[in-house]
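Peer 1: Okay, here's what each chain looks like letter by letter:
Number of protein chains: 4
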Amino acid sequence: MRAVIVHPPKPGVEFSDLKEPIRHGKGSVKVRLLENGICGSDREIVRGRLATSRPPPGKDWLVLGHEAIGIVEESSDPRFKPGELVMPVNRRSYEGHCLNCLVGRPDFCEAEEYVEAGMVGMDGFMVEYYYDDPKYLVKVPSEIKDIAILAQPLSDLEKSIEEILAIQRRFIWTCDDGTYNCRRAIVFGSGATGTLFALLLKTYGFEVYIANRRDPLEGEAKIADEAGLVYYNYTKESLDKLKKLGFDLVIDTTGASASLIRHEIEILKPNGVLGLFGFPSEGEAVIPYDVFQRFIYKANVVVGIINGQKPHFQLALSHLAQWKSVWPGVTKRLITKVISINDEKEVIKALNAKEPGEIKVKIKWD
Amino acid sequence: MRAVIVHPPKPGVEFSDLKEPIRHGKGSVKVRLLENGICGSDREIVRGRLATSRPPPGKDWLVLGHEAIGIVEESSDPRFKPGELVMPVNRRSYEGHCLNCLVGRPDFCEAEEYVEAGMVGMDGFMVEYYYDDPKYLVKVPSEIKDIAILAQPLSDLEKSIEEILAIQRRFIWTCDDGTYNCRRAIVFGSGATGTLFALLLKTYGFEVYIANRRDPLEGEAKIADEAGLVYYNYTKESLDKLKKLGFDLVIDTTGASASLIRHEIEILKPNGVLGLFGFPSEGEAVIPYDVFQRFIYKANVVVGIINGQKPHFQLALSHLAQWKSVWPGVTKRLITKVISINDEKEVIKALNAKEPGEIKVKIKWD
Amino acid sequence: MRAVIVHPPKPGVEFSDLKEPIRHGKGSVKVRLLENGICGSDREIVRGRLATSRPPPGKDWLVLGHEAIGIVEESSDPRFKPGELVMPVNRRSYEGHCLNCLVGRPDFCEAEEYVEAGMVGMDGFMVEYYYDDPKYLVKVPSEIKDIAILAQPLSDLEKSIEEILAIQRRFIWTCDDGTYNCRRAIVFGSGATGTLFALLLKTYGFEVYIANRRDPLEGEAKIADEAGLVYYNYTKESLDKLKKLGFDLVIDTTGASASLIRHEIEILKPNGVLGLFGFPSEGEAVIPYDVFQRFIYKANVVVGIINGQKPHFQLALSHLAQWKSVWPGVTKRLITKVISINDEKEVIKALNAKEPGEIKVKIKWD
Amino acid sequence: MRAVIVHPPKPGVEFSDLKEPIRHGKGSVKVRLLENGICGSDREIVRGRLATSRPPPGKDWLVLGHEAIGIVEESSDPRFKPGELVMPVNRRSYEGHCLNCLVGRPDFCEAEEYVEAGMVGMDGFMVEYYYDDPKYLVKVPSEIKDIAILAQPLSDLEKSIEEILAIQRRFIWTCDDGTYNCRRAIVFGSGATGTLFALLLKTYGFEVYIANRRDPLEGEAKIADEAGLVYYNYTKESLDKLKKLGFDLVIDTTGASASLIRHEIEILKPNGVLGLFGFPSEGEAVIPYDVFQRFIYKANVVVGIINGQKPHFQLALSHLAQWKSVWPGVTKRLITKVISINDEKEVIKALNAKEPGEIKVKIKWD
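Chains as they are written, first to last, in the working numbering: chain A, 51 to 416; chain B, 51 to 416; chain C, 51 to 416; chain D, 51 to 416.
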């Protein structure tokens, strides 16, 4: 069967014709692929730059792809019926020593015993069909099939907000009306992750800023407008102005220089939290002692936030369905390109480089 | 201005022409009514049977109505602009001695210092226009205006599930995939409350039974079918069968005889919880010592669940928007009748008695 | 080696000379017994009245005893050294399917896969020496050896209060100074459990009543006096007076008639919780519908509370050490009798019946 | 009446004879001083180096002292009786706009509306007698009068651990036996704060290292030995060795150079947390991007931890009472010097400089 494969840690990507079907865990559900999404990590692997990426044991290649929607073709599990749409969870643990893994939360694995589909030690989902474990399959309502592929990247953000709100439950962080409406959040970075994060924080009731080093593109501006986000170009206007405003929640999705982190800390209000989501790829943060003094005085928190699991995929699908009703224009702008799997040249091109204005590119198998 | 008024504790309901505008709290937002919903409590007041109902201080009459959508006409609060749709929160606290009230949660008031619009010491919203406090106004997305009136009754259930999940966080109650998909819930009663509760529990990932003393009506059957609920007629099939199945979560919305409660306790699985939502109106529960022995052994909980606040209204609107996308047939069936406020006879009739098959009746002002 | 054995479900108790050493789980620590405590459940087993009691698989007898302190004689586990004092945890799970069991909390076992030392499917600790699993051994500071045996019964109460406080975290239940000092609790029953529960609630900052059907004995009165507890004879003074006072927390430890439970519910204040700890042994609770109405209105909770685990044993030892400093008179009154294991007649007598004024009887092996 | 006063932000300290009694809040309890403790912040004020220190409005002087034990002389509050020992809470909020302040937790004040006795805008407790608000008075058991003064500094640490454990409740952080016994913690700094922190973490079940730039003094070594702490001289042995060991919890109490913070981050294990308690007084942390990558991957947290409130004072007194029983040698070593208030020269000297080996110095008024 047809598949898109890579050879980490070596760069490159190619189409291949697999002889043996891919089978994960119990493998009791046969899934035929309908769609894949492409994300920045796929491209890092293709470029040979994702240090943690590796094939499954005993192989020198890996099926790429961790964003996928498929249709059930066969199933020996009563919970899944042929014809149902499903989405696979990408980080998994089949070992079972870490307590968090045992309770279905390998996002908090302490034993490094997990694998990640299409990335770390487990084949991914850019493949015609494969056999999956029902434990890691999420049902997708056909009514939102057009945007459902976004549930994978969104799941990471659902988990992140769940985690941050859990951390903030150590004091009263809701407002005098019980909501988060008095809380101000800012998301650094306006890529797919930044945009989805901002929409999600807005859904949770926050006042939301989205910050970047440039003015918004047309699509970004329209999304911000419909969803009520404030776009902030911090090379034009100063970071100092942000410090004066003050933020209860700061999210970094830039994956750029670590030097930004100092400023993200300094704009925190008392009891505020900074969530680091994007992996900084260069530079260093130089943080003077008096910044730490204020950090302590203000009871601030910095937390590393990663990886959503099955409950977060389900929540992501709920939110996408909600957005489809209340922000119809926004949801139409989130998928910026659709490529057929048969257009192999275009697929390889998309896996190599991001186009300007891209939010989410998806590949269709049918 | 035109209003529907009652004289609790006396029975009766009538249209009236108010001389003075109604003003709540800061009163900085003028709201023109678009819709009201009618619920069972309204009818209890009309029948003079809601013991806790009373007019505001110094009056012998009360504007009825706690389910409402309006449009902002004037506003001196920057958060609300003319033309926006709003929904008022019905239970409020203007005193501020109880700690839960001070943090915006009069649903957990310990000082009985709250008032309830259209019911207890505060005028309701069946009135042409009135002035409201922005703290208690919830924005309604115009895209879901058709079903948004359901957010008021749904808010109580959002709060209930939030409370139950908080109670259950004292141990691991999520499944081995981190979701609630392995948990079985049953809702007793298939009225508006029972139906909405079942839909909400399904949304949270539970396997959901809905139980009543009769077979489902056609509309109920279709809702159950589209949303994947199991309808159970417990006069036809035995309560004993439910005991064998076992439930992790049991919700009572019947408001019928207290005698049912013993059975609801007995069908609980270990770590299971019974939420009492409907006020039983007659009878008594006779619970033998050995039922309590098993209750203790199984670490069971019974909890009284009431009243949603502003965060729960917001969550209810989110869920309604989601349902509109994924269960379009269900959402169309939830509003079973629309009456014009100008059809005064029909309004009075609807306030006096429930029609067969009714889920939600709404009154339109425009 | 010498052991005290029973033959559940048959009544009776006897001394026996075991040929084979008892070994639990990994069995890497050899423990020589120093002390056992006797509790009501031991006597229920001796009387053949504890329905759930059974020998381990393949045997028709069971070593009795779930309260014990021993000294390490040999150990292949680096965490335990010869000469250290240890206390075994009594409820255990060696199966590992239930998620709560997997994370060390078989007190919340949903799969009924646990065993209980000296009671249910596992030999107990009234034995000269045995081999234990380090996972289930708790270190005992020698400085509080005199009262440490109380840590086993106290562990159940530590768990109970932890659970109740977790349930109450769903709203603000602390006072305006952040403490529990404004909260009023009442414990029904003044046996060992009731007394320890009252002392523990006082330690947590509650105002504490202890209620019984009689006046306090001299020892009870002195404990109440030193620790600042209010003793309440509810046959002399009315239950109605308690209703007027109102309680935020009600604990039942009586194990008497279920009929008391209705009254315990009625004395709850808004947001109050009733913890059922004692297994009622007769009667029934007859609860009219209007009692449930108020229960719901007041957002009350009833919860079944059982079994402490290793963290609760550790906490119990901490609290006993604290009490030894601040309530030296109280701690001296808690051990009401010490019997030598060599006085076999006296041991058998103590295992058959409770003496008046008894709080805790312990058996010494050295 | 006699008092020790300062003139912040100017340096210096002196004895004074106040004409008017000091009165806080309701002032319904007259407290005669028995003891004061001296801490590093007192000396910072005396040296004119605590930037945030200021007198109450309308004055240019401030009574020093935030660690105190007094005896009730008069009281119009039924909760406090003459002859009882009390300890005042030092951070307070009399304004009441911030929600956390309203519920008795000005340690999480967001509005900077609090005052701090003897430091920020409120007279302290180095005064013969004064009138206090019962809300901020904590009862002290006379049985632990000798060490109770430590409850003030310890209260900050109780709050810190409570906060950290709350943050860590977002996943399973307890071990497979439900305890924290498998978790490794390290405290940087071995002054009064570091020592108390280490003892408290040990009490909570952690394996505890205490790290400093030198070998332990004799007293420190004996405390570490009795309480089972591991002392680590990180100038002798490398920080790298700590990185290999890995820590679940790192606490900084040094108040030294911010450069240490980078290393404290690097030694964190997955899911580990760094609590910053000591205000760094110089330098900067230079943190490269790859350190942040691992921080994110490991789901680490950095949190600023400050200030205990009334519940933490009560918990601190409980733990001191416990330690007095189980670590009698340790508790005797914690008070390293006692000075009479009549020895004014010695008092002034102690307020100016710390002696080698000092843990806690206290001043006696009787």
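Don't read these hints as lab results, they were simulated from the structure.
Everything numeric in this text was worked out from a predicted model, so none of it was measured.
Backbone N, C-alpha and C define an ideal beta-carbon position, used for all residues, glycine too.
Don't take each hint at face value.
Computed list of lysine-lysine pairs in PhoX-like fashion (alpha-carbon distance at most 25 Å, straight line) [said to hold, decoys possible]:
id, chain 1, residue 1, chain 2, residue 2
1, C, K189, D, K272
2, A, K80, B, K109
3, C, K382, D, K80
4, A, K252, B, K109
5, D, K195, D, K80
6, D, K382, C, K189
7, C, K319, C, K252
8, B, K252, A, K195
9, B, K60, B, K80
10, C, K382, D, K272
11, C, K80, C, K414
Here are the computed distance ranges between Cβ atoms for each label pair [what the hints assert, rightly or not]:
id, chain 1, residue 1, chain 2, residue 2, range
12, C, R73, D, G278, 23 to 31 Å
13, A, F65, B, N283, 55 to 63 Å
14, B, E163, A, T102, 52 to 60 Å
15, B, G379, A, F65, 36 to 44 Å
Peer 1: Look at each hint and say if it fits the structure.
Peer 2: Hint by hint, here is what the structure shows:
1. C:K189 - D:K272: Within the cut-off at roughly 21 Å; holds.
2. A:K80 - B:K109: 69 Å, violated
3. C:K382 - D:K80: Violated. K382 (chain C) to K80 (chain D) sits at ~35 Å, over the 25 Å cutoff.
4. A:K252 - B:K109: 42 Å, violated
5. D:K195 - D:K80: 19 Å, holds
6. D:K382 - C:K189: 23 Å, holds
7. C:K319 - C:K252: Holds: K319 (chain C) and K252 (chain C) sit about 19 Å apart, inside 25 Å.
8. B:K252 - A:K195: 20 Å, holds
9. B:K60 - B:K80: The given pair, whose Cα atoms are some 30 Å apart, is violated under the 25 Å limit.
10. C:K382 - D:K272: 30 Å, violated
11. C:K80 - C:K414: Holds: K80 (chain C) and K414 (chain C) sit about 18 Å apart, inside 25 Å.
12. C:R73 - D:G278: 23 to 31 Å: This hint holds: roughly 29 Å between Cβ atoms.
13. A:F65 - B:N283: 55 to 63 Å: 56 Å, holds
14. B:E163 - A:T102: 52 to 60 Å: With a Cβ separation near 57 Å, E163 (chain B) and T102 (chain A) satisfy 52 to 60 Å, so the hint holds.
15. B:G379 - A:F65: 36 to 44 Å: 42 Å, holds
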